[in-house]
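Turn these sequences into a full structure, and let the hints guide you.
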Amino acid sequence: MPRPRVAVPEISLVVVTYEMERELPRTLVSLSPDCQKHCPVGRCEVIVVDNGSSRPPREADFAGLGLDLRVETMARPSSSPVPAVNHGLSLARAGLIGVMIDGARLASPGLLDACIRAAARHPRAIVATPNYHLGPAPQYVSMHHGYDRAEEDRLLASIDWPGGADRLFEIGTRIVQVPGEDNLRESNALVMPKALWEELGGYDAGFTSHGGGAANIDIFERACALPGTQLILIEGEATFHQVHGGVVSNAAGEIGATLKAVGAEYHRLRGRPMVRPRQTAWRFDSASGVLHRSGN
Amino acid sequence: MSEEPDITRALVRDWMANYIGQVLNLESREGIADHPFSELGMDSAEVVIMTGVMEEEFGFEIDAELPFTTPTINGLVDALVEQKLLST
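As you go down the protein sequences, you meet chains A and B in turn.
If you count the first sequence from 1, position 71 lands on 376 in the numbering used here, and the numbers rise without skipping.
If you count the second sequence from 1, position 6 lands on 32 in the numbering used here, and the numbers rise without skipping.
Hints were generated in silico from the structure; no laboratory data involved.
Where a beta carbon is used, it is the ideal one built from N, C-alpha and C, also for glycine.
Any given hint could be a false lead.
As the list claims (entries may be wrong) - Computed from the model, here is a short list of chain A residues facing chain B with C-beta under 7 Å: (1) G561; (2) L564; (3) K565; (4) G568; (5) L574; (6) R575; (7) P578.
Claimed, not checked - A short list of chain B residues far from chain A (calculated; beta carbon distances all over 10 Å): (8) G85; (9) N100; (10) S113.
What follows is the structure, given as structure tokens:
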């Protein structure tokens, strides 16, 4: 018998998964009330959308986490996660929605609370969290030097994760996307009001390539281009990619070919290059709650 | 008698200048053809992505290392001419 849903949560988080038997349980632990600060049961709902795994996750598998959890399985999975994300968006009950298009990411312990607090600071907030990879370098580099699941397990054990989740930054590498700056081109935990997701029409279903291509970069760029929106970068929280064979993040031998394909698909769809978001971001310090507006 | 490629150096050079100008939101494309991509502000991923778009646009393959061994617009175009992928 399905567990009754709690009252409308403050935030819905859509998490897309594909062949993540090892990674998804850890992701969900990182999002659970035991791990997330100031996030008791009821504050957050998590909607996992499985995109065709050979052994799809089941809600019952995670009953002990205390999450308000819903697990969906795509009836007609595609090689792109975009339909799965959009399905999750259609089910989200909260007025604030976050998307983790890659469900193999650990959340730092204050991520959800920080995103909720930051979003409250502007009616059309685009709340973005920095992107990290677990390990000593970006995984598409470290995998060339032996970084693998066993090494990752060892790293997590070294900080006693999940108990030591505050120490994730010690074993992770920030992914720099704009040279010389710490601005982002995408966020792997992107949080916006439901109204903004609806205005954008969700993710663009035209991104059909394996892994979704530049779909996540595209939604970020389009959101930042909407009138009256304000990009808010969270400082002090992040998501941490677990090595699992991701199309871009774990494209060990073929990163060049992958990037070419991603860029070409984007150019076909948009008729122009990928450009960096033009918005000047505000910065929200998760520890102090201080919001630094541009120019301050 | 071998035929010269249809795609000219000037076409590709102007295309690249326009592409980079859009990526970096440059006010002017004047004089950028001899500046290294990194100096202009393009990162390596953006350069690789650009070559992927070029491959689709122009129908030839660009070796992955080429934009890094000849890391300017003119340098890359010269290399493509040398490979007889472009006409002068």
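Hints versus structure:
Look at G561 (chain A): its Cβ gets to within about 4 Å of chain B, closer than 7 Å, so that hint holds up. Interface hint at L564 (chain A): satisfied, since its Cβ lies 5 Å from the closest Cβ of chain B, which is below the 7 Å cut-off. For the restraint placing K565 (chain A) at the interface with chain B, the shortest Cβ-Cβ distance is roughly 3 Å, inside the 7 Å limit, so the hint holds. With its C-beta approaching chain B no nearer than about 3 Å, G568 (chain A) sits inside the 7 Å limit, and its interface hint holds.
Residue-level restraint check for L574 (chain A) is violated (minimum Cβ-Cβ distance to chain B is 12 Å; threshold 7 Å). Below 7 Å, beta-carbon pairs count as interface contacts, and R575 (chain A) has none with chain B, the closest being about 11 Å; its hint is therefore violated. Interface restraint check: P578 (chain A) against chain B, minimum CB-CB distance 5 Å, threshold 7 Å, status holds. The claim that G85 (chain B) lies off the interface holds: its Cβ sits roughly 12 Å from the closest Cβ of chain A, which is beyond the 10 Å cut-off.
The Cβ of N100 (chain B) sits about 20 Å from the closest Cβ of chain A, beyond the 10 Å cut-off, so the non-interface label holds. The Cβ of S113 (chain B) sits about 24 Å from the closest Cβ of chain A, beyond the 10 Å cut-off, so the non-interface label holds.
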